[in-house]
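Visitor: Produce the complete structure using the sequences and hints provided.
Protein chains in written order, with this note's numbering: chain A, 1 to 246; chain B, 1001 to 1246.
Think of the hints as simulated: they come from the structure by calculation, not from any bench.
Incorrect hints may have been included.
Reference listing, derived: stretches of chain B covered by chain A, where coverage requires no fewer than 3 residues with Cβ under 8 Å from a Cβ of chain A [unchecked claim]:
1) 1046 to 1059
2) 1069 to 1076
3) 1083 to 1089
Where is the CB? At the ideal position from N, CA and C, for every residue including glycine.
Number of protein chains: 2
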Amino acid sequence: MTKIMSPEELEQELRAIGDAQYHDKHPFHKLLHGGKLNKGQVQAWALNRYCYQSAVPRKDAALISRCHDRELRRDWVHRIHDHDGFGDEEGGIERWLVLTDGLGLDRDYVISTKGALPATRFAVEAYVNFVREKTLVEAVASSLTELFAPKIHAERISSMLKNYDFISDDVMQYFRRRLKQAPDDAAFALDYVKRHARTPEAQTAVLDALKFKTNVLWAQLDALYLAYVDPAMIPPGAFVPAGPDG
Amino acid sequence: MTKIMSPEELEQELRAIGDAQYHDKHPFHKLLHGGKLNKGQVQAWALNRYCYQSAVPRKDAALISRCHDRELRRDWVHRIHDHDGFGDEEGGIERWLVLTDGLGLDRDYVISTKGALPATRFAVEAYVNFVREKTLVEAVASSLTELFAPKIHAERISSMLKNYDFISDDVMQYFRRRLKQAPDDAAFALDYVKRHARTPEAQTAVLDALKFKTNVLWAQLDALYLAYVDPAMIPPGAFVPAGPDG
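Guide: Put into structure tokens, the structure is as follows:
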């Protein structure tokens, strides 16, 4: 890729990455949405995914800590609030804990992340470190999986409610809220990337950043599949479901 | 220091550092408050100090980016708002620019930090990096110069208004606001440090963190003194006052 793309072409390439390798293509995702997992497997998913949710504010703070542009910092900081909460707003991490509560998991155990798969933690921390170390435009670009998230969240709400009797409407608040938040955030980040990646090298770096991020998400589902689906090989120390029914 | 201190003893030691080496003891500070500087020298001070002000949100975001405790993150994030502004609140950096505007400095030139002394920038970035790299309790402790700030700010408002005919009340908003913000922040950080520095090694590290921070502030005034007071040796590229009257 040695030729410069127009901002519109860059957007097309970014969207093509989502079509090719967003984690909605992963077999674990299909099992989850298709109602093919048992309660213990859904618990394992929610418990592991907590690591990701709880790391997002650190990732966003890492971006702000590197940003000399006050206007960008002023916008980006709401992402910390969306997850950590702010004032009366409880935030997405709290809403995720409502889900893990609803699945019968002990809250302190979830927060400790002690039962999470090592591969989950490695992937999540790789994301935080990527944002800490790469260029600012790559850090922004790595958030662009949010372009593809609303579709997955909308499906998740309806399919999980339909397919699992242990999932009730009130534990799905997290996804309902993200339906509203993610599109605004994705539009902002996409606009930023289109305006700031103005050399072939920067555009390649931005595409690689989004691929990296899809890998972060994919690796988490790979780890879940290996440990809890097939061959169901749970590593030492990781969460062991009480049984198929949790 | 191999014996563990009580939290109260630790607080006394921290306060003693302020008494010994906070930058209100610096000759430049005494000239500034005593009305002994000309307008060009006050411009140089405000222009250089902008580097510090504008780095504070990056420093606070660096702290949040390393913090796995959601409650601490939820509290600390207001410091980013205090400086960057949030919603209708303009923030401390904007108020600092009101001061540099009032001193007749070009706003874009100030924001570019191109006229700042290299030693200022090195000191400021050393602070950001310290918070990025040291333990969390050391990062928190490095904010504790705020214990000593309200006294300096109160004095500054009255003495600068009295002593300088080019300083008007409306450009001193920054300091007036910090009179309210700094004591709450300092009390929170002091309580955190007293609760979390519970080994002799951690207590020594915390005291060293505060000494480090006083050095960051002191070094900035040293650089100003050398460049603009005595021997008034301005390094290449740094701000050159138009004349004693700015």
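Visitor: Taking the hints in turn, state whether each one holds.
Guide: Status of each hint after checking the structure:
no., hint, result
1, 1046 to 1059, "holds (count 4)"
2, 1069 to 1076, "holds (count 3)"
3, 1083 to 1089, "holds (count 3)"
The earlier numbered hints are all upheld by this structure, with none contradicted.
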